[in-house]
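Chemist: Kindly produce the complete structure, drawing on both the sequences and the hints.
Sequences listed follow chains A and B, in order.
Residue numbering for the first sequence follows the numbering used here, starting at 1252 and increasing by one per position.
Residue numbering for the second sequence follows the numbering used here, starting at 115 and increasing by one per position.
Calculated from the structure, these hints are not laboratory results.
Given the structure is predicted, the values throughout are model-derived calculations rather than measurements.
Check each hint, because a few of them may be wrong.
Output of the computed footprint for chain A on chain B, the stretches with three or more beta carbons under 8 Å from beta carbons of chain A [stated by the list, open to error]:
id, region
1, 251-265
2, 270-281
Partner residues are not named here, just some residues of chain A that face chain B (Cβ under 7 Å, in silico) [claimed, not checked]:
id, residue
3, Pro-1366
4, Val-1367
5, Leu-1370
6, Leu-1417
7, Pro-1420
For each residue, glycine too, the CB sits at the ideal point set by N, CA and C.
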Amino acid sequence: MLAALRCVIHRDLLLAVRRSSDVLTVLLFFVIVVSLFPLGVGPDPALLRTIAPGVIWVAALLASMLALQRMFASDHADGTLEQMLLGATPLGMTVAAKVLAHWLISGLPLVLISPVLALQFDFPQELLGVLALSLALGTPILSLIGAIGAALTLGLRGAGALLSLLVLPLYVPVLIIGAGAAEAAASGMGGHAQLLLLGALLIFAGAFAPWAAAVALRISVE
Amino acid sequence: MSINWFKYSSPQTFFPLAGKLALGFGVLALLACGVGLYLGFFVAPTDAQQGEAYRIIFIHVPAAWMSMFLYLVMAFWAGLGLAFNTRLSGMMASAIAPTGALFTFLALWTGSLWGKPTWGTWWVWDARLTSELILLFLYFGFMALQAAIDDPRRADKAGAVLALVGVVNIPIIYFSVKWWNTLHQGASVSLTKAPTMAATMLTGMAVMAFGFWFYSIAAALMRARCIMLERERASEWVADYARGSG
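Modeler: What follows is the structure, given as structure tokens:
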């Protein structure tokens, strides 16, 4: 079974490398959205410093949502998804592997570039680690919850706008706790409580979301 | 004697029953709301701190209760439909959603009308207001998903998965919002009401809550009747009903 999962992850990563513009689009979207905020609210460093974690987190939410639509769409279009549904590997496991691959493609780049963006906001350098760590723990949760939404809206008209309506309310706890980690660290309270909570949410979502997404996929494809 | 639990799980047998029940609960709702409003506006004493403005509580609080309760009921029917594959459960879930969204909106609207004279602002990012707003988005998401899917069976099942995921999330959302609010210390006003409440106020609120409850049942059943007719339009009993003999 592990071989099958490794195969799914390898295949998805290979596809992403061959079509690297898709990956770059999401990353550039993230960078541009974050860069728009100083233009909108003004270049006052004190203000930017306080809003930095929130802005970066909201931009990460939007970027992750932009990438979600592609999680199952191309597999659905060329029939691969039906083979996965029929295959011997439990569908929940296959979904988990696809989510992991999706996060490596669309979530991890955001985590890696976030310290640079935070520097643009004059965010204290010693707290960049907390911010990046909160994103590293939080963005996989976004991919996991998003997988359920992507599976439910598979093949529907206007799936993109619908997906945002379904998924964004469910993202609220991750946003609050994730942005709260860096904010708490900045105010001197330390972000450990938030990071632990994010870890708990990640384990919870990792255990249940692939299973729910698998049920949703069967409904959408049947 | 064994009871056939599934007798009314078929649209054909449930349709006439739903009509009778909807009428009964509709009358009850009118009575309860009438009595509740009378108690609230004429019998209950004026509040020492808030004056007459507090009287919106008789609509606001029952609406907020119903908004949360109806989401649970909706998820219950949705889960039942997913587990037993009964057609009617999905219809009930989609019939409840608009009423739930209506009460959520009503709770938010009356809340801001109440907030203006007492707190001096239409909106604060209080934990309860924020989670109520997110609940409204959850209802909208459920309805939008069902509206986007043409096949009613798929719409029911997809909506059911979403409703169940939402139910798991509601406590997490509520506590994270509450915690976020205390962390930010933004709003200095609090929703906690006066510690003691006159018995007539409590009675009025309870009667109004029952009124809203009966209204929800009646409205959901009426809507379920329409959904049944629409989805079963190819069947014999709908044809009989349309001819006026069913």
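Chemist: Taking the hints in turn, state whether each one holds.
Modeler: Against the structure, the hints:
1. 251-265: Held - the region 251-265 of chain B has 8 residues with a Cβ nearer than 8 Å to chain A, which meets the minimum of three.
2. 270-281: Coverage by chain A holds for the region 270-281 of chain B (7 residues, Cβ < 8 Å).
3. Pro-1366: A/Pro-1366 check fails; min Cβ-Cβ to chain B is 23 Å, beyond 7 Å.
4. Val-1367: Violated, about 27 Å.
5. Leu-1370: Where the cut-off is 7 Å and the nearest Cβ of chain B is about 25 Å from A/Leu-1370, the hint is violated.
6. Leu-1417: At 4 Å from the nearest chain B Cβ, A/Leu-1417 passes the 7 Å test, so the hint holds.
7. Pro-1420: Constraint on A/Pro-1420 satisfied, holds at 4 Å.
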